[in-house]
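*Asks:* Spelled out from the first residue to the last, the chains are:
There are 2 protein chains.
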Amino acid sequence: MLSSPSGAGKSTLSRLLLEKDDNISMSVSTTTRAPRPGEVDGKDYNFVAQDDFDALVAQDGFLEHATVFEHSYGTPAAPVEEALKHGKDVLFDIDWQGTQLLDQKVHEDLVKVFILPPSKEELEKRLKTRAQDSDEVVAKRMSKANSEISHWAEYDYVIVNEDLQKAETELFTILKSERMKRFRQSGLASFVGDLTKD
Amino acid sequence: MLSSPSGAGKSTLSRLLLEKDDNISMSVSTTTRAPRPGEVDGKDYNFVAQDDFDALVAQDGFLEHATVFEHSYGTPAAPVEEALKHGKDVLFDIDWQGTQLLDQKVHEDLVKVFILPPSKEELEKRLKTRAQDSDEVVAKRMSKANSEISHWAEYDYVIVNEDLQKAETELFTILKSERMKRFRQSGLASFVGDLTKD
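If you read the sequences in order, they're chains A and B.
Mind the numbering: the first sequence is residues 1 to 198 in the working numbering, read in order.
Mind the numbering: the second sequence is residues 1001 to 1198 in the working numbering, read in order.
Here chain A stands alone, though its shape is the one from the complex (with noise of 0.2 angstroms):
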């Protein structure tokens, strides 16, 4: 899990993280809010009517799901399920809310990082450069990010995203760190078996 307020380079590292890495995936969230300019559905994610959402919901297909800013947003279940199956990775892009929905499912197997803006200042800069926003927009956005900010504590580890080149080498210290827990190896029962038999 890769949380942070907006504008604090989460979706740089993890484009930079599902590049280099063949073992890992996104999970795409489905939401009910129009695409932005620019935005791919099935890929920023699955843009859905309220009523496919909600049919998704009783048919609890979400691993977690949420409104925010009075449109809806879940993680579906399925794709997660599928590449667990097939011992891949899968990177969330969600916020504190889904990150605590999905703890409650998955905790053993979730590792959650924060990513923090190196200062105030950069992360207003960061904010406002979206053109097509308009000031509420930002000032909702800006409100969202302290909102945000304020959950660091719930998180695992914490990369502050001064040098983006810092970061991604963090990022990826933590993935093959996490990788190496014992209980992520597949096959040591065996090869242990094998070590200490007669």
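Possibly wrong hints are sitting among the right ones.
Mimicking PhoX-like on lysine-lysine, the simulated pairs with C-alpha atoms at most 25 angstroms apart in a straight line are [what the hints assert, rightly or not]:
1. B/K1112 / A/K181
2. B/K1120 / A/K181
3. A/K43 / A/K20
4. B/K1166 / A/K88
Quick caveat, the hints were computed from the structure, so don't treat them as lab data.
On the provided structure of chain A, position chain B as indicated by the hints.
*Replies:* Then chain B, alone, in the frame of chain A:
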């Protein structure tokens, strides 16, 4: 905590970690057994008489202590507390018994890494190359190795030491990653306070 059966490469990996990382120091265990040829008092172990050992136990001067093969071993508390007070990490090289006891004292902050040999044949070969040991001692050590290995599932991380350079990289990856854990990054709370203040 680095644990492993004798002959899995733990001593070499410990030495590399201490040489290459300035922020970690070794916890030197105290023992009542006699020094082996080449062992240095205060470096390999603190060699003490049984009476002195018992006096330290009585003063609560050990983080953990146990008796193995009729000799007493313990981890002195004072050097560890001193290192942690100065924000330094401490490397422990003790067996599964000591690990379990230490885990009860410092659970959240203890990172437990288990080193496995690449094969039973390689382990046997390595245990037999210590010329000063009698057959009886080697047999005892093989039995102790199997007993030690049987506790692999109590550790957080497992490294199979087939290639020393790869094992070293993996060990440093775990160290760096664990240092990025949120609760180990001092100063984060005030940094976040500055990020979110009006």
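*Asks:* Now tell me, hint by hint, if it's right for this structure.
*Replies:* Verification of the hints:
1. B/K1112 / A/K181: 10 angstroms, holds
2. B/K1120 / A/K181: 22 angstroms, holds
3. A/K43 / A/K20: 18 angstroms, holds
4. B/K1166 / A/K88: Cα-Cα ~22 angstroms, so holds.
In summary, the structure agrees with every hint in the numbered list given earlier.
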